[in-house]
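> So you can see what is in the structure, the chains are spelled out below.
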Amino acid sequence: MTAETNYRVPTMADMVAKGETPEVLFWVGCAGSFDDRYKKVTIAFVKILNHVGIKFAVLGTEEACTGDPARRAGNEFLFQMQAMANIQVLDGYGVKKIVTACPHCFNTLKNEYPELGGNYEVIHHSQFLQQLINEGKVALKGGGEFKGRRITYHDSCYLGRANKVYEAPRDVLQALDADLVEMKRSRSKGLCCGAGGAQYFKEPEPGRKDINVERTEEALSTGADTIAVACPFCMTMMTDGIKNKDREDSVKVYDLAELVAQAQSL
Amino acid sequence: MVILQQILFVVALATAAWFLTRRVSLIRRAIQLGRSENRTDRPGERLTIMLRVAFGQKKMMTNLTVGLMHFVIYVGFIIVNIEVMEIVLDGILGTHRLFAPVVGGVYPFLINTFEILAVGVWAVCVVFLVRRFVTKVPRFQPERHREMGGWPRLDGALILTFEILLMTAFLIWNASDSVLRERGVGHYGELKGVGNFVISQLLMPVFTHWSDAALVACERLAWWFHILGILFFAVYLTYSKHLHIVLAFPNTYFSNLKPKGEIKNMPEITKEVQLALGIAQADPNETPAEPGRFGAKDVQDLTWKNLMDAYSCTECGRCTAACPANLTGKKLSPRKIMMDTRDRLEDIQRGWQQNGADHADGKTLLDDYITAEEINACTTCQACVQECPVNINPLEIILQLRRYKIMEEAQAPASWNAMFSNVENNMAPWKFSPGDRFNWANQVNQ
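Here the protein sequences line up with chains U and P, keeping their order. The numbering of the first sequence is UniProt numbering, which starts it at 1 and goes up by one. The numbering of the second sequence is UniProt numbering, which starts it at 1 and goes up by one.
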């Protein structure tokens, strides 16, 4: 890293102390904060935010789980405890707009917090990246390292079916000039990676096969060498699936933000 | 002779109406067992959904071939039933093709349309039987789906056979009637200017050598079989998965208009959470709220819409075929969730009828019909909700059952309990120190 590429990650607390207001709050999420693999996505996204000069902030240690897995497992008490504590923090900082790289956080913040009094404009990082590309703030040179590379996109349930965000991630991939190939089950028919509904936090129920293996087989059958995801849990499930199939040498799983950052040589 | 037939007909009609009314009121009561929920907002949007999804069968068209075949049965069924109006009036009044003189030249056109549709329905029903029992479309097979054995399998076969028989009777009736009119037999001959019909004329040669008496017997038999069949079918519907032909319309009208990923809030908990967090202060004068049940243990804890969903389900299995848990061999089948809910409601009704209205059989939807293993396998991916052609939502039921298991019985898989405890104490589903949450930022410039 050279001196001019000194990326900054301001917190809300810093900003408020300086009397500044960010354009957007980047909600990192638990996986983005703690999962070693997804931390790379968080960092890639932060680099993009720095690169385009957007005034953003994160909550840092003031952020807490949105409560998504608790609610989906059936623990409504815990969910509401988390939600209301988070709403207090967000409202305390007067947050208006949130971007997040986690579809579960996205869905919960966007759809489930309003009934508990938390009203924010929430967008997923795929939509955010799409906007940056459309506005020309991120210029992806066609013919770069992704030209002709075969990429398949795995729809996250909480981005796709849950919130009908099907095109934004695909538009981002198209902008990379990659050869985007669809799996048989895609968009509204996309097959779950197996992690949702708090499945990620327990062993699967007895069955013939693991869901992520079923999905990985489908992804591999497209002949793609890159599986693009837009969700930390899909990321883990698909990566595990690739390992299960002994294909980790030839097939990689990347988040959209990582691909965009790579294309920008960030 | 004619008056005797009229009496018999009115008796048959009244009997069917009595059974039908009784069943409808029972089903209505069963659906009303559910908790209240407002699904009457945004009527314009609801109407549009009903027109698109139920009338227009939009979601059936994702598989165009099957969608179009189903559309033939649907249109055929609705339009051929216009003819039933005439048949019923003829039955009551002792008339013969009452509408023919009234509508004049349009009459043959109408009957021709009905006949073409009838033959369409007939053919598609045959194809559907073949799909179920010969080519064995996987989602219908009891070997793959344990909920599809026994009655559901028989029900599917009976419905299709019924429709084939009804359509056959309709065509035989028209054919024998046409021969009788051509020969000028009795009152048949008095009906002039109707002529033969486009499909049934192909059957007329069969009757060339039949005596007039045999033809009259055949015409009467086909007519009676057809109308009694329809009356029987109307009552049968209410016991069958086939009830979707009626309930698809209200069920789509009352669809969930919120994003699929949004789980229904539990406002009854909010107050307590606010107290726990110190956001709100307890009001000492407030009478404590009646402690309701959290989540659902039985059908009474679900909403009326969940219960209407159960009666609207025609067990097509598109939900189950798309369910990632089911696809990979887990016990969960969203279709079974709906079938179990309906079975539970039917069992409750049977209890009412046999032992009075306040009868309790000691069973519950959760545990006696649906097991924890099934609901624990759900990834909440909403594929079942997406796929249902009549907007049934199995996921809502699954989540309500989970809430009961977790909040009332504290029966969670051990690793979920660990996750809960991490979220509560470490602000993340994993056991990391909350103070380390921002450590990733140290790696940004590495």
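Just so you know, the hints here were simulated from the structure itself, not pulled from any lab data. Built from N, CA and C at the ideal position, the CB exists for glycine as well. Warning: the hint list may mix true and false statements.
Covered by chain P, according to a simulated footprint, are these stretches of chain U (three or more residues, beta-carbon under 8 angstroms) [claimed, not checked]: (1) 17 to 26; (2) 42 to 49; (3) 75 to 81; (4) 166 to 176; (5) 217 to 226.
In silico contact screen, one side only, chain U against chain P (beta carbon under 8 angstroms); selected entries [as the list claims (entries may be wrong)]: (6) Tyr120; (7) Gly144; (8) Gly148; (9) Arg208; (10) Asp210.
> Now look at each hint and say whether the structure bears it out.
Evaluated hints:
1. 17 to 26: Three-residue rule not met by the region 17 to 26 of chain U, so violated; n is 0.
2. 42 to 49: holds (count 4)
3. 75 to 81: Since 6 is at least three, the answer is holds.
4. 166 to 176: Result for this restraint: violated, n = 0.
5. 217 to 226: violated (count 0)
6. Tyr120: Since the shortest Cβ distance to chain P is 15 angstroms, the answer is violated.
7. Gly144: Violated, because the Cβ-Cβ distance from Gly144 of chain U to chain P comes to roughly 23 angstroms (cut-off 8 angstroms).
8. Gly148: violated, 31 angstroms
9. Arg208: Holds: closest Cβ of chain P sits about 3 angstroms from Arg208 of chain U, inside 8 angstroms.
10. Asp210: holds, 7 angstroms
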